[in-house]
Amino acid sequence: MFLSLAVFVQIIVAVLLIIGLMVANAVAMVYMERKVAGFIQRRPGPYEVGPRGTLQAVCDSMKLLAKQIYRPGNADLILYYLAPILAFFPVLLLFLPIPFGPYLTPLPVNDGVVLILAFAGLGVLSNLLAGWGSSNKYSLLGAARAVAQTVAYEIPMILALLAVVLLSGSMDLKSITEQQGQWPWEWNVVLQPLAFFIYLISLVAETNRAPFDLPEAESELTAGFHTEYSGMGFALFFLSEYANMLLVSFVAAVFFLGGYRGPIADGFWWLFIKAYLLMFFMVWIRWTFPRVRFDQLLNLNWRWLLPLGLLNLWLTAIVTKLLV
Amino acid sequence: MTSGPLNMVNPFAVLESPGTLAGDFYARSFEKKAGPNRVILNLGPQHPSTHGVLRVLVELDGEYVVRAEPVLGYLHRMHEKMGEVKTPWQYIPNMGRVDYLHPLAWNWAFVGAAEKLAGLTVPERAEYLRVIGCELNRIGSHLLWWGAFVMDLGGFTPILYAFEEREKINDILQIITGSRLTMANFRFGGVITDADDRFIGLIQEFIPYLRKRLVMYKGLVTDNVILRRRLEGIGPMDVDLCQRYGATGPILRAAGLPRDLRKDCPYGVYPKFNFPIPSGPVNDSFGRYLVRLKEIETSLDIVEQAVNSLPNGPIMMDKAPKVSFKLPAGETYFAVEGARGQIGVHLVSDGGKNPYRVKLRAPGFSNLSLFAEAAKGSLLADAIAILGSLDLVIPEIDR
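For the record, the sequence lines run as chains A and B.
Position 136 of the first sequence, counting from 1, maps to 136 under my numbering, and the rest follow consecutively.
Position 67 of the second sequence, counting from 1, maps to 67 under my numbering, and the rest follow consecutively.
Just chain B, same shape as in the assembly:
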């Protein structure tokens, strides 16, 4: 350290040697448990592969990861607290901020919880529009994950291809939601905007287009020998491990357990559609990769069926709640299947202006806990691959 004339000698420096002063509370307590001749590496919060501001402390033996510990809280925005100080109506836009990649599923989880508590029924056309929006959004989320994941592995090009398709989805969803990232068109008792011919036409163009592109991606990326060698057998997680940590979504399905809330406890009009639940044979990084790519196809099937059988009718229930909507006293839990797993909203109301408590159950939080287990003993490059294959969205984890 160079000390200029203005640098005073730190009077507290005598208490600890400079070596132990390095790092913050987490790093120092993590370092205490480290073995001899180990390197403590701090990945993040500003690291190219943590996709946002996740921080992971890693203990390295050479390039092998001995221990890994995620440190959270760099994107904590108090969404749950905001639920207690905002009216339910004001709180809807917050949902798009919790998970910016699958905002409509979060919309649905919160709106659905409120509807369940207040006993509101949603018109069928609105339910269909919710399904279409949610599934298109899921495709967008998986596409972006795909690009970012291959970028973690060092292939830069696919993310730009993924973004092109995602832009098309955003163009479509923009028609009914008015925004491209933090969408919020769900209201208590329906949706606010109706689908027009342009919306339907764009979807009908998009479905065959994406199916053709997915074939190309298989040849270009999935079948690439380097990619397979990087992913196959990396970060295995069995069903037991996944269930102990509460993992849901593609990760649990890749382990061979076809759990999907759209089938297991159906909400909305999902029972009307015929779609398979892809569940992979092996839950390694490549298995999770394949399950997500198959889910894009599944979602395309659902969107196709929904668009072809879209009923006419109102998009809002009669006497739909107004801005001054108050939740009746009570407690409820409503869960939907998000792109990353089970999204749950636990809503407690004492009948006042604002909900008494809003608990958000984010799938990313549980999925992240698997990382410390799966990364043990892997190479640093593999740890990055495992982290990418968990499909984390940081604001959802920190809430």
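One chain only, chain A, in its complex shape:
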């Protein structure tokens, strides 16, 4: 099959827009994270740079861009430099099948779920390479944790999403969105509360955010897999972390919260509002809870989320078969 010129141009434009979105998201999220953290901790947060500190994140990113990249002497050069790039690019592709609006899907594919799940698995590869390539024991421990955690939590995540796929009878994100109504009680979260709950927990674990931030557990592993990264290498990891957060929030919004559908008028604004509310939730729990231990994290997955997810999928399958 040849890619027609129109589709090719469409993808290029979409990727450029998505890069813009990722950067804008990181800037907005840094500001939001720091302001929310400040509010929770009863301090003002950033307020010096720009009006109410809004330019703080811009200055931070300028600093990261200008910083010297300092690498350990015995690092594996190829893996060390490849890891941040690998962290960044799969996320980029993951935004392509998301339906942002009724007529706004960067790359309409009829099995978007598969594309997302396949490329989401690539993200952990970069953590592994970063941990191995920096030849630091802390990084290595962080990488080992990242792999175990991400691989484990992908399963309940897939099970939760599959339940919705069974319900909608489609793997196309757009038709999953279209099948949900405009009003909150017509969304999938009402029909699949357990799946949403499982997804919500896996979402925090998949993005390595506190209280499941074990791969970069600051008080144990200093910074985990990105201990040895500075400057742009660190910035890329940082950028992809926030992009990952945005992505899993988009997916949650599409699958469970009606996507771009919403009261009054459908449109991308609803998708963004829902995604950012979920991200606010992630920021909120990050600054409230202590970190879980690694075996507790895996126990939660294998003992609770996985059986619950299977049970939910099984029930959904039976009910859909009986009703349809």
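By construction, these hints were calculated from the structure, which means they are not laboratory data.
Take the hints with a grain of salt, since some may be wrong.
What the hints assert, rightly or not - Chain B is faced by these chain A residues, among others (derived, beta-carbon under 8 Å):
{"no.": "1", "residue": "Leu-16"}
{"no.": "2", "residue": "Gln-41"}
{"no.": "3", "residue": "Gln-182"}
{"no.": "4", "residue": "Arg-209"}
{"no.": "5", "residue": "Ala-210"}
{"no.": "6", "residue": "Pro-211"}
{"no.": "7", "residue": "Ala-217"}
{"no.": "8", "residue": "Ser-219"}
{"no.": "9", "residue": "Glu-220"}
{"no.": "10", "residue": "Trp-287"}
{"no.": "11", "residue": "Val-292"}
{"no.": "12", "residue": "Phe-294"}
{"no.": "13", "residue": "Gln-296"}
Stated by the list, open to error - FRET-style restraints, in silico, Cβ to Cβ:
{"no.": "14", "chain 1": "A", "residue 1": "Asp-111", "chain 2": "B", "residue 2": "Glu-373", "range": "41 to 51 Å"}
{"no.": "15", "chain 1": "B", "residue 1": "Val-66", "chain 2": "A", "residue 2": "Pro-263", "range": "54 to 64 Å"}
{"no.": "16", "chain 1": "B", "residue 1": "Ser-369", "chain 2": "A", "residue 2": "Ala-118", "range": "27 to 37 Å"}
C-beta atoms are modelled at their ideal positions from N, C-alpha and C, and glycine is treated no differently.
Since the structure of chain A is already known, use the hints to place chain B on it.
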């Protein structure tokens, strides 16, 4: 390793392979005893959870700690030697540097030892002010420990709450000590500054305020299910182990032995106050956590009683020693209950200008020795929790 044009080949490199050259003396001798397929991890001296410059060498099997060994000396400031080359008067400010979180207890230990040796009596009002200062300081120390400990567990927010209360305590203590960290207002025969109405007023505002906050902290942090799962049953130490290593303070009390120098061999005006000695049922990380939180309440009780019954009178004894104070020849030991345990000063004087020998008994040193025992077989994350639950202050350990 990249070698630039200026990098000469090390002529000694042939003696040992690069692998064995890694690390310093401690790391290499520690590595020799390691089993096969083990990872030697060097925690510190610059590590976020060692609170200062403690260094711990850990042998890891996967994420399980097989062996742990603290390495000391990164903050050694020769406080004991300084005691021999300074006059007793000059040495008082040193005490605030030994343990920057509970400086007034160290003040009291040294000043008390000198008073005991010279046979000085302290006016009652001064004793009360010492108690108030020391107990407020203890609350500040425990609060900071609480915040830092929860931060070790990954909860970042509580330390900022703890610092807010600690700032209030520092504001109060600043009135009578003039400083916020390394306080030193104790002198031989009394204290140098008297309490004023503002000092008393601030304390009376602070006590109900902190009591209300402690209730909130219980709901917010102590009852949190993640925190409990992280702490309960982690790093158990029984009474026997604690006593063999000479552990004192909250750690020994958590093991169920209510040993507290304020009760057991009272000094100052402590016998006049009515307060319980909290001693927990289990000495795991959570037991130690609870004992310290209860001690904050105990200290609040003592401060309240002391403020309400503060007598009038002088704050310095008559004919108090001057700067040229010389200790009479003799030997004495004086111990007080610090936030971390028994603080002892062994003072030997030959009647000269400076003391002949000053031996400081720091509770943190003995408490740290428990770590190697307790961390065996635990996960790395638990080892960090155990280390945090011991409440270490590094300058006190290194002295």
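Each hint tested on the structure:
no.: 1; hint: Leu-16; result: 36 Å, violated
no.: 2; hint: Gln-41; result: 4 Å, holds
no.: 3; hint: Gln-182; result: 37 Å, violated
no.: 4; hint: Arg-209; result: 11 Å, violated
no.: 5; hint: Ala-210; result: 6 Å, holds
no.: 6; hint: Pro-211; result: 6 Å, holds
no.: 7; hint: Ala-217; result: 7 Å, holds
no.: 8; hint: Ser-219; result: 4 Å, holds
no.: 9; hint: Glu-220; result: 5 Å, holds
no.: 10; hint: Trp-287; result: 5 Å, holds
no.: 11; hint: Val-292; result: 6 Å, holds
no.: 12; hint: Phe-294; result: 6 Å, holds
no.: 13; hint: Gln-296; result: 6 Å, holds
no.: 14; hint: A:Asp-111 / B:Glu-373: 41 to 51 Å; result: 57 Å, violated
no.: 15; hint: B:Val-66 / A:Pro-263: 54 to 64 Å; result: 59 Å, holds
no.: 16; hint: B:Ser-369 / A:Ala-118: 27 to 37 Å; result: 53 Å, violated
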